[in-house]
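Enquirer: Residues per chain, in single letters:
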Amino acid sequence: MKTIKLLILSTAVLVGTYGFAQKDISMPTKGLSPVGQLTIEPGLGIHTNFGTDFLITNLVQWNPSKHLSIATHTSFNINNITQRSFNGIITDFNFSINQKFGIGTTFYSAKRSHTFLLMAGAKYTTYRETLDDERFDQVGTTVTSFSPDYGLMYSLKKEWQKYFFTYRMYVPLYPWPTKSSNILYLDGNVDNVALEVGIGMRIK
Amino acid sequence: MKNYIGVLKGMSTIAKIMVLFLLVSSCEKEVFDPSLTHEFTIQSNSNGANYNIKVGLPANYNPGGGNYASIYVLDGEQIFDFVSNKCEEISTKLALANAVVISIGYGKDRSIDYTPTAVSSVTGGGPQFLDFIEKQLIPLIEENISVDTSRSGRVILGHSYGGLFGAYAFSMGNKLFGNYILLSPSLWFDNLIALQFEKDKRVENKNKEQLVFLGIGEAENAGRMQAPFEAFYQILRDNYTGIRLQKNVEANLAHMGSQHPNIIKGLNYYFENR
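Here the protein sequences come in this chain order: A and B.
Just so you know, the first sequence maps onto residues 1 to 204 in my numbering.
Just so you know, the second sequence maps onto residues 1001 to 1274 in my numbering.
For the record, the hints were derived by calculation from the structure and aren't laboratory data.
Careful: at least some of the hints might be erroneous.
[Stated by the list, open to error] Under 10 Å between C-beta atoms, here's a sample of chain B residues computed to sit facing chain A:
| # | residue |
| --- | --- |
| 1 | Asn1191 |
| 2 | Gln1226 |
| 3 | Ala1231 |
The C-beta atom is built at its ideal place from N, Cα and C for all residues, glycine as well.
Put together the whole structure using the sequences plus the hints.
Expert: Set out below in structure tokens:
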């Protein structure tokens, strides 16, 4: 059932974006030539959980043909960076690393390109909290977890001299609906919606 | 080419409908058998608020001869149907007598009713809410429904602020409930006041027979949930002699996502160990 739901979502996104791309094709510009283009796009970002996570990210994208895009996305996240001490609770460290691979499609307008990718990979998270209040014994707990990381990524590239400005948005599809269709699981997705900006360069 | 684009458009429409269906099906509300559900409103003498109470009876409820356990559910307007259905499933699976589920609706705002101390204008009604449960709700239920009237026959189940209230009831209302299912409890509230209440009442409560299930989500990493949860667990484990204690960390799930899986595990633990 989960696989069917994932397939439905994937089909919806790919068909929808491909159809859109068909309608809006214009000739690619010189700077954002799509075919055979390999780009590297380091960036910085936040999660939408009140902006408390700081992300250092990179997207490598290759377009083997005009409307086929293949990408790999890496993200190192320093989580809960703004509130390390709260009501006697100390966050000693809180990191996560995401590594995803994706496939999708790109369409083009003057000096811009828009890429939609279906991504899949894994996420590693580790964090430690300590109860540090003189009224109580000090207690620390470390949580370490691996989880799947599926989702949709939108990447905008805008030509800027010999480089390009890049904006990315990643919407996770885990834990909802791939782990369960229970709508309550959605809070796990919302915490990990990522907004990123960066400067990209063309390798090839 | 036109035909090709037409096919794509058609597929796109179908795909959008499928996505909409998926979203709608995710939002379907679970419903407990209406013929087994009784509903009424009661006004609290403690705070003046009106509480909508739902009572979910076991399928084979026997008004004369039963001695059913009673599970008092906080945030009942959200989870009564889910809890009632799971009680039915789990008790059937384990071939045990089911429990009566009592849903306590919202009287005042949940942040008022479920918090034990006032740190703002919308917190601090916990003592009045506990007084309402003790002096009005429990007597009313036990006069009219065939439930076990002992402390060991009563369970309180709460999530988040509801879990905080359950921890408060564990310390300050321990004579009322013998069983606690506390899920993602907001123990950080008011500089760990729930831990202070536990410490203050430890000598009084530590030798009593009780069952406590503690559940949380692994992805609750906002810097406030895990450490007090672990501290509370260790305090109970190390100091309470007559306790049956279990904790569960639900993998890859956050605060709301872990609620239902932890309810299921908490109810299983309760039915298997009561």
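Enquirer: Now tell me, hint by hint, if it's right for this structure.
Expert: Results for each hint:
1. Given the 10 Å rule on beta carbons, the hint for Asn1191 (chain B) holds: about 5 Å separates it from the nearest Cβ of chain A.
2. Because the smallest distance between the Cβ of Gln1226 (chain B) and any Cβ of chain A comes to about 5 Å, under 10 Å, the interface hint for this residue holds.
3. Checking Ala1231 (chain B) against chain A by beta carbon gives a least distance of about 4 Å; that is within 10 Å, so the hint holds.
Violation of the numbered hints given earlier is absent; every hint is satisfied by the structure.
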